[in-house]
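S.K.: Chain by chain, the residues:
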Amino acid sequence: MWPHLLKRLGLTVLTLVLLSMIIFLAGQVLPGNPGRAILGHYAPESAVLALNRKLGVTRPLLVQYWSWVSGIIHGNLGTSWEYHAPVSSFLFPALGRSAKLALFAFVIVVPLSILGGVVAALNRGRAIDKIISVGGLSFTTVPTFVSGIVLIVIFGIALKVLPVTAQAPPGSPFFTQLRYLILPAVPLVLILFGYIARMARAGTIEVLDSDYVRTATLNGLPRWRVISRHVLRNSLLPTITVIATQTGYLIGGLVVIENLFNYPGIGRLILTAADFKDFPMLEAGVLFIGIVYLLATLLADILYTVLNPRIRLGSEE
Amino acid sequence: MNRSLVSTSARLPHEHPPDERAKVLEVNHLDVSYRVRDRERLAVRDVSFEIGRQESFGLVGESGCGKSTTALAVTRYLPSNGRISSGGVKVNGHDLTSMDKASLRRLRARTVSMVYQEPMKALNPSIRIGRQLSEVYEIIGLKRAEALERAEAMLRNVQISDPGLVMRRYPHQLSGGMQQRVIIAMALASEPSLLILDEPTTALDATVEAEVLDLVALLRQEFQTAVLFISHNLAVIAKMCDRVGVMYAGELVEEGPAEQVFEDPRHPYTVGLLRCVPQRGQRKDHGRLDTIPGFLPGPGQVPRGCVFAQRCSLADERCVSEAPPMYEVTPLRSSRCHYHEDAPRVPRSTPADVQLPESGELDRAEAPVIRLRGVSKTFKVRGESVRAVSDIDLDLRLGETLGLVGESGCGKSTLARVLLGLTPPDEGSVIELDGLPLAGRCSERDREQLQAIQIIFQNPDSALNRRHSVRHIVTRALRKLAGLSGDACETRLVEVVRSVRLEESHLALRPRHLSGGLKQRVAIARAFAGSPRVLVCDEPTSALDVSVQAAILNLLADLQSRERVTYVFISHDLGVVRYLSDRIAVLYLGKVMEYGPAETVFAGPHHPYTEGLLSALPNLDGVQGERVKLEGELPSAAHPPAGCVFHTRCPRRLSSGVCESSEPPLVEVEPDHMMRCHIPITELRRLQGKEPSGQEEAQRTSAAT
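The listed protein sequences correspond, in order, to chains E and Y. Read in order, the letters of the first sequence are residues 1 to 317 in my numbering. Read in order, the letters of the second sequence are residues 1 to 705 in my numbering.
If you are wondering where the hints come from, they were derived from the structure by calculation, not from laboratory data. Quantities reported herein were computed from a predicted structural model and do not represent experimental measurements. A virtual CB, placed ideally from N, CA and C, is assigned to each residue, including glycine. Treat the hints with caution; some may be incorrect.
No more than 35 Å apart at the CA atoms, straight line, and that leaves these computed lysine-lysine pairs for DSBU-like [claimed, not checked]:
| # | chain 1 | residue 1 | chain 2 | residue 2 |
| --- | --- | --- | --- | --- |
| 1 | Y | K380 | Y | K629 |
| 2 | Y | K101 | E | K130 |
| 3 | Y | K23 | Y | K90 |
| 4 | Y | K143 | Y | K23 |
| 5 | E | K7 | Y | K23 |
| 6 | E | K7 | E | K130 |
| 7 | Y | K23 | Y | K121 |
| 8 | E | K160 | E | K100 |
| 9 | Y | K121 | E | K7 |
| 10 | E | K130 | Y | K629 |
| 11 | E | K130 | E | K277 |
| 12 | Y | K629 | Y | K690 |
Sample of chain Y residues at the chain E side, in silico, Cβ under 7 Å [unchecked claim]:
| # | residue |
| --- | --- |
| 13 | T75 |
| 14 | S103 |
| 15 | R105 |
| 16 | M114 |
| 17 | A122 |
| 18 | L123 |
| 19 | Y170 |
Selected chain E positions facing chain Y (in silico; Cβ < 7 Å) [claimed, not checked]:
| # | residue |
| --- | --- |
| 20 | Y212 |
| 21 | H230 |
| 22 | R233 |
| 23 | T305 |
| 24 | P309 |
Given only the sequences and the hints, what does the whole structure look like? Please build it.
M.R.: In structure tokens, the structure reads:
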């Protein structure tokens, strides 16, 4: 197990390094002169040059990259060109708020979609299967901004049962904060439900048709015990990987949702940074989204390895 | 002999004490149908049989005959589109068809158990053996601790030597034979009245098969269980069963005591099946196997008359128009044939004698087509060297068949791949084709060399591109290997296709429209397209039914005598190897243990390993000598035993310790017969009771000249 996990960890680090390079180079390729962007059209050329020198963008690329990377390693994400303040003072609170929203959505969607998928598989071909499968798939095709607006109109404006902003007033108790997060979380849940439920359904059906489930059934085990002991653990293994890769969709969804609900999370932060050509902020934001994604995948790999004895123990010669 | 093991654990109390008068299993006019595209299709039709207490009943037949469906119906575990559409199944007198879910579950838990074809798939991959097995005891009401104790005792019962260790293992950490023992332990845990075995040894090696069958026979006595044994292998059924039912196209066509049915079959289908199997002594140069012409009726096609009429040479108008009932042949036997009295005399559909071409007598002095000298192949597996094939010297002569024999993992397939250039051998290995050195990689061989060595695989399904038509598949081989194009290619195409007894109408079809046997013919046509000198046949008939196997073996034999091709024939079925081979090499852990003319190797004296292999082989003759058992499991090729590699399992290991300390060389023990063993040939001959009789001696001298 350990060599396998070490290899995974190594790959994650390598991916991270490549990611940082791509982000950095993309920042270089994008048009625009930072000094000019910050100082505006009417600033004298000499001032722009001076600022560029001060920002360090006139140095060779490799030097710039290295100073960026070593800064990050030491916890210095640079200074925002827009706000003239350390990037970290914006990024981390935003990341925290996004994490809260994303986790909330996850906590709802993961059990719900797995349950949905398993229920659909157990009732294969019946009405409930069709409702879950077709319904789930339909919801994944509805963009978050559409479902978000519809939800706002129904629950926030017409029924007035839920707040239309996502950010609870400062100092609100935990459950009030969650209440504010319900409306923004639901579109994310709808997007993810279909994918995860589909995987859980497919995995469960495969296992239900397997020979060892036949063995368990013909050994006279009660149905619920066959399902809880023999089906679920094996059928949900592939679903774990799918859930991890869905974090990508989740972050994409966050950008839209946070703007729609005016929620100061990472998605909104990088969108604003892109608007203002605030490169240090943009780069750090994208890099951290990448880190979160890679960590989620790594976690899924570890979980998969721990739960799967065939990988954990290898085969005896 | 193992009685003490059982008596240590008190018998489990049975919920419904079985009614001693009732049969364990009664199947009455059973019809099972599957719903396919909104149409009901009968898979099993009017099947009736009974199994008495402690009796063993075998169901035999080719794929698609309905034997597994019958077994699943007996456990009521049919797929969701299948149902028992009429008739009944009673277990211990209780009607299964009307049983509610709870009683059905209790019946499965306590009364009926099953053992399956693929043990690896039948065990849950993520639960330890101990938990899986003890669960069965928990179901019948034991506490966890006691269940674990019982599970461990049961593993000892199925002759697992270290049950404590196996309990902590996951299924993938056990060998196939061990997995099957665990399944058997699981099945017998509840001391069922009926044990169903569905092809329990088909996925196992012959030696392991023999051990598992011995175990089942032993435990059946101890647990006083009735057995329903399902197999396509007639010899296995003959060995294991008191009575047998032969199934064809969903019907039971013949039924009776196993010995009588196999010795004096009374249904033309049974007769045909038995003639398809190469019997002891039958060889390609004096006799062809009989075949059953035609095909199984498609699913859902129910002929008005006898289901076998289309393929039966005895059939007349009555057979086509009037479905035969189950006739009573004797009070113990029945046959579903109007002419069951004439059945034993059903004419052969393939002539027994063959006219061999004049060149049939091969020139022994002729230079070999392929010479292998010191061929080895070492794989690196997780940093360890694994010697799959070790220092092999073999000669392949023109027009001869070399049979490669040994358990899985002995290096047969690696050797075949080396020959084909798919796996380059180690430095220093010499492969020569017609006296000229052959490159280790096929990418470095020229076209003529590539053309010279071809292969037929075990599974024609995966060997043929399913998107291409037969025409495309064979034409491509003709272009690439024979370099033909245009009219020449077209002429040769028809020629090749005819030579494997396919029709021109097959050319337009794609593999999925063909049966397994026809697909294998296409694969053979492709292999013969470039007129190869050497053809590697890697288990070419293992995936086929016996009647189809017979036709393919006949075809291979005919093509060989006509085209003078050399075969390297790999098979785990020694009967098949014996039928087709001129010379045999027995491999063990990558080494040649015995090598010589087929008849000499089969007649003996044998290398102790060969002896073990032959003894594991169930046969239809009913003469089963004392089993020579190979102990333990095949050692890992990464850490082969010191001394003679076979000593860890050798039943004739010498007490002097020489087998453990030094490796015997491969030497000529009698003319043309090589063996790698410390025991002198005279001693082997005495041990194996092979004192040469006058007749054998005469045979051997005539074969040598």
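S.K.: All hints are to be evaluated individually against the structure, with a verdict given for each.
M.R.: Results of checking the hints against the structure:
1. Y:K380 <-> Y:K629: holds, 32 Å
2. Y:K101 <-> E:K130: The given pair, whose Cα atoms are some 26 Å apart, holds under the 35 Å limit.
3. Y:K23 <-> Y:K90: Given that 35 Å is the threshold and the Cα spacing comes to 8 Å, the pair holds.
4. Y:K143 <-> Y:K23: holds, 32 Å
5. E:K7 <-> Y:K23: Answer violated: K7 (chain E) to K23 (chain Y) is near 61 Å, above 35 Å.
6. E:K7 <-> E:K130: violated, 41 Å
7. Y:K23 <-> Y:K121: Cα-Cα ~32 Å, so holds.
8. E:K160 <-> E:K100: Cα-Cα ~24 Å, so holds.
9. Y:K121 <-> E:K7: holds, 29 Å
10. E:K130 <-> Y:K629: It is violated: about 57 Å lies between the C-alpha atoms, which goes past 35 Å.
11. E:K130 <-> E:K277: violated, 47 Å
12. Y:K629 <-> Y:K690: holds, 18 Å
13. T75: Interface hint status for T75 (chain Y): holds (6 Å vs cutoff 7 Å).
14. S103: violated, 11 Å
15. R105: Hint on R105 (chain Y): holds, closest Cβ of chain E at ~5 Å, below 7 Å.
16. M114: Given a least distance of 5 Å, the restraint on M114 (chain Y) holds.
17. A122: holds, 5 Å
18. L123: At 6 Å from the nearest chain E Cβ, L123 (chain Y) passes the 7 Å test, so the hint holds.
19. Y170: holds, 4 Å
20. Y212: holds, 4 Å
21. H230: Since chain Y brings a Cβ to about 5 Å from H230 (chain E), closer than 7 Å, the hint holds.
22. R233: Since chain Y brings a Cβ to about 5 Å from R233 (chain E), closer than 7 Å, the hint holds.
23. T305: violated, 12 Å
24. P309: Hint holds; P309 (chain E) Cβ to chain Y Cβ min 4 Å, cut 7 Å.
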